[in-house]
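*Asks:* Sequence:
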Amino acid sequence: MNFKVLLRILGIIVIILITYYQCQKPESDEKAITLLVLSMGSVDYTSTIAENNITFANKVPNGTTEVTIKQIAISLKASSSKQIGDKLNVGVGNLKHKRLE
Numbered sequence: 004m005n006f007k008v009l010l011r012i013l014g015i016i017v018i019i020l021i022t023y024y025q026c027q028k029p030e031s032d033e034k035a036i037t038l039l040v041l042s043m044g045s046v047d048y049t050s051t052i053a054e055n056n057i058t059f060a061n062k063v064p065n066g067t068t069e070v071t072i073k074q075i076a077i078s079l080k081a082s083s084s085k086q087i088g089d090k091l092n093v094g095v096g097n098l099k100h101k102r103l104e
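Following the numbering used here from start to finish, the sequence shown increments by one per residue and tops out at 104.
Misleading hints may appear alongside valid ones.
Claimed, not checked - Derived pair list, reagent style SDA-like, types lysine to any residue, alpha-carbon separation capped at 20 Å: (1) Lys73 with Val93; (2) Lys90 with Ser42; (3) Lys80 with Glu54; (4) Lys73 with Ser84; (5) Lys62 with Lys90.
If you are wondering where the hints come from, they were derived from the structure by calculation, not from laboratory data. Small disclaimer: the values here were computed from a predicted structure and weren't measured.
Please build the complete structure, drawing on both the sequences and the hints.
*Replies:* Here it is in structure tokens:
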């Protein structure tokens, strides 16, 4: 087998693989959180995310008012004003209600 023929065969294989990969990975217009891990002290709270629901494996203790974002990942089309290290206020006592006038 001649070297030029071998290069052509390899080139065709590479083109087929690239085309196959592009067909298998559809672009998503979805804007979503894909990973969220919160921490309080030395305890991490890992989440499971399905559609619009974020569920944590273990519950934050009663009386907790603040947690820290330890890890966060969002889809390519999404944006977030929060980043790793930001503090989040949690708990019923921290909810602020606006009065409708």
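*Asks:* With reference to the structure, classify each hint as holding or not holding.
*Replies:* Cross-check of the supplied hints:
no.: 1; hint: Lys73 with Val93; in the structure: 15 Å, holds
no.: 2; hint: Lys90 with Ser42; in the structure: 10 Å, holds
no.: 3; hint: Lys80 with Glu54; in the structure: 15 Å, holds
no.: 4; hint: Lys73 with Ser84; in the structure: 15 Å, holds
no.: 5; hint: Lys62 with Lys90; in the structure: 17 Å, holds
Comparing the model with each numbered hint stated earlier shows that all of them hold.
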